[in-house]
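Trainee: Based on these hints, arrange chain B on the given structure of chain A.
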Amino acid sequence: MGNTITEKILAAHCSRDSVKPGELINAEIDVIMCHDVTTTPAIDMLAEKGLSKVAYPERVVIMPDHFVPNKDIKSAEMVARIRRWAREQNIEKFYDLGRHGVCHALLPEQGHVKPGTTIICGDSHTSTHGALGAFSTGIGSTDLAAALATGELWFKVPETMLFRLSGKLGKGVYAKDVILEIIRRIGVDGALYKTMEFTGELIEALSVESRMTICNMAIEAGGKSGIINPDQKTTDYVKARTDEPFEIYQSDPDAEYCQIIEIDVSNLEPLVAFPHLPSNGQPVSQIPDIPVDQAYLGSCTNGRIEDLRVAAEILKGKKVARNTRMIVVPATTEIWKQANREGLLDIFMNAGATVSTPTCGACLGGHMGILAAGERCISSTNRNFVGRMGSPKSEVYLGSPATVAASAVEGKIADPRKYLQEKP
Amino acid sequence: MTGKAHCYQRDHINTDEIIPARYLNMDKEADLAKHAMEDIDTDFVRRVKEGDVIVAGVDFGCGSSREHAVWALRGAGVRAVIADTFARIFYRNCINNGFIAIECRGISQKVATGDNLEIDVEKGIIKNLTKNERYEFPAIPDFARDIIDAGGLLDYISRKVK
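Line order of the protein sequences matches chains A and B. Take 1 as the starting number for the first sequence in the numbering used here and just add one per residue. Take 425 as the starting number for the second sequence in the numbering used here and just add one per residue.
So here's chain A without its partners, still in its complex pose:
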């Protein structure tokens, strides 16, 4: 029997020839990403246990993102403590305000994600980076502290579910719709403890950014990680951003999977996930009139340049509906600048949307777009749990950037297909 890409990466990081699902290993960690919310508890724990020296400062990348720009005194103090700690520990990779961005968009953009590496962050959407052929998973603050102190972390080698995706996406249907469909089929714990490996003709056709959208939401099916075997697009993306060498691992043709799920996306429609679970996807053509108070375009799931381009295509020359407000949050500073150069920000502002600085912001109910009781939001983000974007009495519907933009125009959840040109 062969091995999956995940098993090969983990084996290489614990100096073994091979590992099998279920085995407990201590794996070497190549990249430790730290953001504002989960890092200060780790710093405190390390100090308390007398482990306060970071083993490998060069592996640490810090990027405050959840409550930036600081939303209140408490969050300002958290980031101030992280800055002091980074100086003490000689951690040089620090993306402070002005170079900032949502961590899962910023990390690959700045060349810190390389195929074949292991990456952790105290954030559940760390699964994103599997899109570049890395083993990448979310952990808590204690794990973060342990990895900072030792450069390694314990893992149970996960079983792998293979998703073989065939067919071509129709007009107005995107990677977001594909992952919402997968979660709709298997449920929010359908991949519990497992790695979700995505393959097939659809994945080959998708951009690296779209692949990130898919891997980003592996956690919404309970997955430990999402991963895609690297190809030419992967290496082109990575080499454009870093000169550091990397090793490519690929799943063997006879690798063992605990489950293989085949999905043909040819007839997939844009999906909207109803409150309060990401698995509540429904085809947009079959839903009743659902007026929305807010349309939110951003996040680690869908705040990248291709997402902004699609939304701008729909919003160009149109207006956001009278009783709806639209917030656009480019995920990183570079994306913001690129969108500005391309005139996308003008399109949004002229349509009556507002454009904010990069932040996780309202995606997790932090700041910059919180919902009141009774309000409803169509959002390109990843979670629609109770109270996720504000009041526990508000509602969040998840969709693609195109669905968000079309809904902003109509003031109710809308099918984006009528606003788009036929694909060649």
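Quick caveat, the hints were computed from the structure, so don't treat them as lab data. All C-beta atoms in this analysis are idealised placements derived from N, C-alpha and C, irrespective of residue type, glycine included. Be careful, since some hints might not be right.
Some chain A residues near chain B, calculated using beta-carbon distances under 7 Å [claimed, not checked]:
# : residue
1 : 37
2 : 41
3 : 57
4 : 387
Mentor: Chain B alone, transformed into the frame defined by chain A:
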């Protein structure tokens, strides 16, 4: 260990409900404890007593990786969580904190709020003293037990590092 049950039959109780993000500008257990379970049960912190146990359905603790969820529960006095299944990161966070998380399939349908539960972690047995019932659960894996017994992951590794 013996404690009174707070039973939530619902599946997929997520960490946003256990500790909403609006409180993530704090990270001290005592501060977080005041808001434990706030978005699913606003009255929870007034009812919970030291040593109580939460019982829940499948996939407890799904969503955000925030370890604040474990700290909020522990700070509020909760001694253990027993669920049909757990979401992965929450389960890991429990082990790393030396906090007892027990997977016991079907438990959410058997226990009612107010039942007195006696938990024997060694033997893998929960006795429902109120209903005079007995439930078995698979032993917590040795590796996890070692971490829990050490008091958490950092105590476990600190010997190695020093």
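Trainee: Determine for every hint whether it applies to the structure shown.
Mentor: We went through each hint and held it up to the structure:
1. 37: 5 Å, holds
2. 41: This interface hint holds because 5 Å falls under the 7 Å limit.
3. 57: 16 Å, violated
4. 387: 4 Å, holds
Checked against the numbered hints above, the structure violates only hint 3.
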